[in-house]
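Chemist: Based on the provided sequences and hints, a complete structural model is requested.
Residue numbers (numbering that gives the first Met the number 0), protein chains in the order written: chain W, 0 to 323; chain C, 0 to 323.
Calculated directly from the structure, the hints in this document are not laboratory data. Where a beta carbon is used, it is the ideal one built from N, C-alpha and C, also for glycine.
To spell it out: a stretch of chain C is covered by chain W in this simulated footprint if at least three of its residues, at any positions, have a beta carbon under 8 Å from a beta carbon of chain W; those stretches are: (1) 203-216; (2) 221-228; (3) 233-242; (4) 246-253; (5) 260-271; (6) 308-317.
There are 2 protein chains.
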Amino acid sequence: MCQPIRVSAESTTPPVCVLGLGLIGGSLLRAAVAAGRTAWGYNRSAGPVEEARADGYDADSDLTAVLRRAAEADAVLVVAVPVPALDAVLGQIAVHAPGCTLTDVVSVKGAVRDAVAGHGLGSRFVGGHPMAGTSQSGWSAGDGELFRDAVWVVTAEDGTDPASWTRVADLALDCGAVVVPADPDEHDSAVARISHLPHLLAEALAVTAASGGDLALALAAGSFRDGTRVAGTAPDLVRAMCEANAEALTVALDEALELLTAARAALAADADTEALVVAGHAARRRYESLPRTEITGVLVGEPGWERLLRDAGRRGEVLRARTY
Amino acid sequence: MCQPIRVSAESTTPPVCVLGLGLIGGSLLRAAVAAGRTAWGYNRSAGPVEEARADGYDADSDLTAVLRRAAEADAVLVVAVPVPALDAVLGQIAVHAPGCTLTDVVSVKGAVRDAVAGHGLGSRFVGGHPMAGTSQSGWSAGDGELFRDAVWVVTAEDGTDPASWTRVADLALDCGAVVVPADPDEHDSAVARISHLPHLLAEALAVTAASGGDLALALAAGSFRDGTRVAGTAPDLVRAMCEANAEALTVALDEALELLTAARAALAADADTEALVVAGHAARRRYESLPRTEITGVLVGEPGWERLLRDAGRRGEVLRARTY
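Modeler: Right, dumping it as structure tokens:
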């Protein structure tokens, strides 16, 4: 008996408090307001606060006041600050709004889970990662439609508070995303393979081509252009992303190196590329034909619901809409 | 005193005889006719001949007749057959049309040069490689606009016949391409880096991502999609291209492996990716800002003209238009 995912509680549309008004936080504040939520934001530096206010949004640079308001309104707190600021913000949340549902939008999930637990905030925390972005940054680059049809990972660990999970998933859905539930460490392994490894391979391809001189670059066409597109991203952004996930990325890079080393041996000995080319084509086809089935039949809060959601996410299944 | 490249002889618009009516040959026949050339084609199997005739083109499956006609008309012969058929076609050319200017559109240039020399056809041969294509094949996939603004490599070796060089370059320009002169072996090294290596890296990325399971594939977004696009190409086409250039591709792959192995060490030891990311970004920027300056001041046939053209191509310079 397959049924849509649902909760027994009523629909959850609590207010939203966004901490950090850069590209992702600023886009989230816009999207939450567009979805009819009461939402306000905080940013440490005054510039983005003024920009957000000028655009008609509720924003402040007083973290204590913003967090007290969140605690009074029982808002969902979204941590969208740069990783170096994470610890300080979590410390303030522990003082002023420890009872709020708490989520984040950081691109690694294991390290954030550990930091949150270190501040005693684990009981109402649900990790999040919207797989969206641009090469731009800052409030002005934000867009309330940034998350439309994007994948938004929402972590589901044993012991996660069901009400908080529903609140966070609903926020992602309200922003126009589809939700993929995942274990934090499995998330980190997955993004190492599909987001961070592509950057390292693109950088290596660009360097190898350029070492062929301007003749090589003059001959470069579609395969080079696509294969190196993300090497055009600012090095600081690429480094921050890859280095925060160094452990999982090392594993993925080792697998790629093993494949390429074996291919090198067959190429040099027998002018043969069959094994790698056939496997790569099959893998790309599998990606293209992934069904992205809708998750059904899981009642958030029932015994084992966290595992059921993780299993569904592991099959590439997604939650597309609030169904209650 | 910089002057446009020019020849002292009159404009060269000889007829064109295209041997092989697949994607590239079929597109070339269409483009030559569209440029006002008298042009006809040969194909061994009857299907493409009938398709070309149905589309209003002059085509035949009698190789001897086609070559005799080319010899009588002093046509430019373009070899556009698959690599396995190259030797047989060259053998027939040596018998029936040894005096014609001869070029080809094969993606490796050193091996074709050697095969042509083996048949005693080197004196009027000029290698060619239009950097254009699609994932489709066959006459029906052809397009007279396929070469518009594409790069078309025309080889310039010491001793190349100047009149033949001009005829081949003019044909490329008439098809809408820009011409980059190059040494055959330098061409093969360059395309290993910018065309064949991208395929191997895309295949390895696809396999590594898929080994993360459907969760990883479900999270894949732009960087993975672009980085693996060419892994969607039919394995036979990728293999034919890469394996024909195995020697140069091995060198390029070794350079990429060296870069990635060093990056792996820094990542595992210090969570550091700076060296690779900074170098990759600089290389991509160099590609984006390549000026593609027009070649000027070379008179084809003057002493050292072959070297002057190779030097220009090595600087990424291009020939854009017939200038006489």
